[in-house]
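All chains should be built: construct the whole structure from the sequences, respecting the hints.
Going by my numbering, the final residue of the sequence shown carries number 606, and the count climbs one at a time with no gaps.
Keep in mind the hints are simulated off the structure, nothing from the lab. Incorrect hints may have been included.
Simulated restraints on C-beta separations [stated by the list, open to error]: (1) R317 x N598: 35 to 43 Å; (2) R520 x K429: 18 to 26 Å; (3) A536 x G281: 50 to 58 Å; (4) R520 x T451: 15 to 23 Å; (5) E25 x A453: 49 to 57 Å; (6) S529 x R317: 55 to 63 Å; (7) P319 x E550: 33 to 41 Å; (8) T273 x T451: 38 to 46 Å.
From a predicted model like this one, the values you see are computed outputs, not experimental measurements. All C-beta atoms, glycine included, are put in the ideal place defined by N, C-alpha and C.
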Amino acid sequence: MCGIIGYIGGDNAVPILIEGLKRLEYRGYDSAGIAVIHDAQLAIRKAVGKLKNLEEVVGNDPPTGTIGIGHTRWATHGRVTELNAHPHETEGFVLVHNGIIENYLALKEKLSAEGHEFRTETDTEVIVHLIAKYFTGNLTTAVHMALQEVVGAYAIAVLSTDDPNTVVGARSGCPLVVGLGQGAYFLASDVPAVLNHTRDVIFLDDGEVATLTREGVRVSSLDGQMVAKDIRHVTWDPIMAEKGGYKHFMLKEIFEQPRAVLDTFRGRVLPETGDAALDLGHAVHALAQARRVLLVACGTSWHAALIGKYMIEEMARIPVEVDYGSEFRYRQPVLDEHTLFVGISQSGETADTIAAAREAKRHGATTVTISNVMDSTLARESDGVFYTHAGPEIGVAASKTFTTQLVSLYLLGLALGRQQGTLSKAHGKKLAQDLLQMPRLMEGVLEHEETIAELAREFSTKRDFLFLGRGLSFPIALEGALKLKELSYIHAEGYAGGEMKHGPIALIDQQMPVVILAPRSRVHDKIVSNLEEIKARDGIIIAVGTEGDEDLKRHAQHVLYVPDVPDLLQPLVLVLPLQLLAYHIAVRRGCDVDQPRNLAKSVTVE
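Here is the structure:
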């Protein structure tokens, strides 16, 4: 989400900035803006909505200048308005920012006491005020000093009319790349924005600051020390660049999940209080009064809802029901003002889920949406919205939107538990701290892609698969089977492990691969019993277990390991090898993994 472009050179910056932002549209955004400097005069243009709106504003009042920055924003702090759109300016200093500043409220209070006046609802505005505060003639030095006070994730690009021949960029936790052209230099949040101008780039690392002038580029650390950087020559074509060098969007999005999970909980999890800050508008007041939670969704989102049931019931100790949107409106559901209805839809346009939410609202329930798309129908019609910050998901089969939905439901359970008084502060703090570790642990699982790709080689010719799990692993078994069906067109079924003897065991023979989820958990002994039963019938077993569980190798022909994580968060690591397995099997079968046949990204009809 969000895109940054910066330019300094000899040409008019405006068309270069607009073109760069167009190359970043795939990241998703709800507003856009540019700023340029000419003869030490600053010109800013902004617009809500798509880039064509910004182009219209620029066309009606065209600025000019050979130095500038641009941004596409996806709202996190503050509504979608022209005022909240980037760039942000104070006293001739102008800045664009990706990320979230965790201590912005404390900084804002401090700066306000010093006489700084704030105009927006964003966390970003504090950074430009800090830079203005510390400026004594050198923009890079002011950025160094300002960022010493900032806690959070950021990629920034800064201009100043007091230092009008310099663009400064810096990153921590959010990507930023420097492009090296002929007499021109660029900043961008991703490579596609600069490929029409140069293929020579420098990838900044966390804690690094880049200073761009017409003479060249200098990179320094936050303490001012010069840093030597390698220049990389990018050979991607523009479409491949949008895929980040991955062969398919699907694979790129699988690998984006640690970052997407981080973006979804960043600024929302409060480890010091064991609570979650949910921007649900008026619906937040319903959390304490809720006596029942109803989770309604379709497809992959329904699997997320099944896991959400486990999470919320354990944390908040109130009953949770899960229903298909397509079934909900054709029965007579029991609803009242003490029901919290949560509609889950990556697009926010799923027709069945929208209809269910309208029915719930008609009966007096408080409605909340979990969605990845700003201002979708479901979001607009709900009392409160929790946006998953997964960024755009181009692949039709859900991957990162699924894991960010799990994080959203975990945070909802945390907030409900604290509001209901069923979750102690100490326990809440432990749950919050557990979540903070997940992006790093998920990255560790994805490092084993090659092992999974080799496994796919062996199983790509199979016609049927069975997926088994118990407890929180059961919905992941359903999701693993769905991904294999969607991507590779292989018939696959997901079952609760305890149900195996009630029918599916009849299918097991020497030709039947069984993917069994066997992490260490409260039901580990039960799932091991299933392993024994499958082994006794000569089934082919692919087990997914916890690192260090060597005993699994006695039962299964193939074992994939995931880190040891708390039970409620196991789905975040268990689903990753199943996504990769489905992807690599589908690639070997020659399937279109980004656009599987007969499927649509947003199901807007019944």
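Hints, one by one, checked against the model:
1. Range check, R317 to N598: Cβ separation about 42 Å, and the 35 to 43 Å hint holds.
2. In this structure the supplied range 18 to 26 Å holds for R520 paired with K429, their Cβ-Cβ distance being about 23 Å.
3. Checked against the hint of 50 to 58 Å, the pair A536 and G281 passes, with Cβ atoms roughly 55 Å apart.
4. In this structure the hint that R520 and T451 lie 15 to 23 Å apart at CB holds, the actual value being about 20 Å.
5. A C-beta distance of roughly 31 Å is found between E25 and A453, which places it outside the suggested range of 49 to 57 Å.
6. Between S529 and R317 the C-beta distance comes to about 29 Å, which lies outside the given range of 55 to 63 Å.
7. Separated by about 40 Å at the C-beta atoms, P319 and E550 satisfy the suggested range of 33 to 41 Å.
8. Between T273 and T451, the C-beta spacing of about 40 Å keeps the proposed range 38 to 46 Å intact.
The structure is inconsistent with the numbered hints 5 and 6, although it conforms to all the rest.
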